[in-house]
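First residue of the sequence shown: 18, per the working numbering; consecutive thereafter.
Zero decoy hints are in this set.
Beta-carbon label-pair distances, calculated as ranges: (1) R57 <-> N125: 17 to 25 Å; (2) G112 <-> E65: 19 to 27 Å; (3) P83 <-> R142: 31 to 39 Å; (4) V61 <-> R88: 17 to 25 Å; (5) K111 <-> R58: 15 to 23 Å.
With a Cα cut of at most 20 Å, we get these calculated PhoX-like pairs of lysine-lysine: (6) K64 <-> K115; (7) K64 <-> K111; (8) K106 <-> K64.
Everything labelled a hint here was simulated from the structure, so no lab data went into it.
All C-beta atoms, glycine included, are put in the ideal place defined by N, C-alpha and C.
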Amino acid sequence: MREKFLGQEHTSIQIMALNLPQGQRPTTNLRDGPGAFTVRRLFVFIKEHLEFDYLEDEFIERNFFPDRIDRDYVLDAPGEYYRSERFLKLLIRKGRCKEFIECMHDMNHNVVYGRIRNFQNFEARTAWKGTDQR
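All chains should be built: construct the whole structure from the sequences, respecting the hints.
This is how it looks when you write it as structure tokens:
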């Protein structure tokens, strides 16, 4: 969603970043668990490239669906994109994003894992140290 802020159009996340004190970056809630920021930022890309139907058995084996309600919530969605979307939302809500990233690495899902690694490397290179970088 685009909004007007200081005479220019920005997304909501950009506006949140503009409202932060100088030197601070937007962060996710720590209860979301490690990897949640990465999954949230790459949500659309992962949803579109996950190949959920192919990996479904692996996700079940790794116990990403701890109870029947969660499993039914994800697997009863009408299409692969909807299942992927619900699965990612469940991962974020349950704080299991780091395990998902490890699963993508273990399963050699190069499209998704490659983008995740590129994003994480970029974030590590551009991380603010809290000092003035003039």
